[in-house]
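Each protein sequence line maps, in turn, to chains L and P.
Numbering (the working numbering) for the first sequence: 2 to 118.
Numbering (the working numbering) for the second sequence: 64 to 181.
Source of the hints: derived by calculation from the structure; they are not laboratory data.
One or more of the hints may lead you astray.
With a straight-line cut-off of 20 Å between C-alpha atoms, the simulated SDA-like cross-links for lysine to any residue are [what the hints assert, rightly or not]:
1) L:K4 x P:G124
2) L:K4 x P:Q105
3) L:K39 x P:G124
4) L:K117 x L:V15
5) P:K104 x L:Q9
6) L:K4 x P:Y121
7) L:K4 x P:S106
8) L:K4 x P:K104
9) L:K39 x P:D128
10) L:K4 x P:Q123
11) P:K104 x L:R29
12) L:K39 x P:Q69
13) L:K39 x P:V66
14) L:K4 x P:Q69
15) P:K104 x L:R113
16) L:K39 x P:Y121
17) P:K104 x L:T81
Computed spacing ranges between beta-carbons, pair by pair [claimed, not checked]:
18) P:L131 x L:I12: 38 to 44 Å
19) P:T80 x L:K4: 33 to 39 Å
20) P:P103 x L:V15: 24 to 30 Å
21) P:D128 x L:E57: 42 to 48 Å
Backbone N, C-alpha and C fix where the C-beta goes; we use that ideal spot for every residue, glycine too.
Here's the letter readout for the chains.
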Amino acid sequence: AQKVTQAQTEISVVEKEDVTLDCVYETRDTTYYLFWYKQPPSGELVFLIRRNSFDEQNEISGRYSWNFQKSTSSFNFTITASQVVDSAVYFCALSEASNNAGNMLTFGGGTRLMVKP
Amino acid sequence: GAVVSQHPSWVICKSGTSVKIECRSLDFQATTMFWYRQFPKQSLMLMATSNEGSKATYEQGVEKDKFLINHASLTLSTLTVTSAHPEDSSFYICSARVPGGAGNNEQFFGPGTRLTVL
């Protein structure tokens, strides 16, 4: 069974600080996909990144970076020089390639990030 | 591309009435759509997987007779909450899977529908 754990339920930082959101996953599949989504107060999910299990390269996109470590089953997300607009709930999610339910996503509990000016 | 819409964006109804929520894939055909429910300050929980032309697959604990799902075309899936009660008040989000997409497992999410049952 697949499971995603985001241990930090809420994080508060001051603008311009760096912040890392943790994500730990469990799966028995060797092929799987990991995702990060941002959910601002409006509620709409914003896709941030998808990473497949065979690609352990870290990725950087502007102020965002992701650290995928299969050895520790973690897929952490770092925002550098945080801004007030980064305030949102961030979800990590997992999808197993072998899942018979058409690639269903399992979400972590989410981390509420508050960036104060 | 890969835009998913939901209608309505919010709805308030009286207890005992039924509410229909539509999920449309605007620029692609989706053989599979998913329905999620999100209670305040909680995560998204998968309710059911909707497959075009066949019956939906419901997750454990989700009443299929209460949450009717119809995926009648490749671009439309509907969720009907029958005899709604205040405990059904929630944020309902649909997503659509892009068939054969480069990411294989990528889903595109609708903007959500906030249901409030009085």
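Outcome of the hint check:
no. : hint                       : verdict
1   : L:K4 x P:G124              : holds, 18 Å
2   : L:K4 x P:Q105              : holds, 16 Å
3   : L:K39 x P:G124             : violated, 27 Å
4   : L:K117 x L:V15             : holds, 5 Å
5   : P:K104 x L:Q9              : holds, 13 Å
6   : L:K4 x P:Y121              : holds, 19 Å
7   : L:K4 x P:S106              : holds, 13 Å
8   : L:K4 x P:K104              : holds, 19 Å
9   : L:K39 x P:D128             : violated, 32 Å
10  : L:K4 x P:Q123              : holds, 16 Å
11  : P:K104 x L:R29             : violated, 29 Å
12  : L:K39 x P:Q69              : holds, 18 Å
13  : L:K39 x P:V66              : holds, 17 Å
14  : L:K4 x P:Q69               : violated, 28 Å
15  : P:K104 x L:R113            : holds, 9 Å
16  : L:K39 x P:Y121             : violated, 26 Å
17  : P:K104 x L:T81             : violated, 25 Å
18  : P:L131 x L:I12: 38 to 44 Å : holds, 39 Å
19  : P:T80 x L:K4: 33 to 39 Å   : holds, 37 Å
20  : P:P103 x L:V15: 24 to 30 Å : holds, 26 Å
21  : P:D128 x L:E57: 42 to 48 Å : holds, 45 Å
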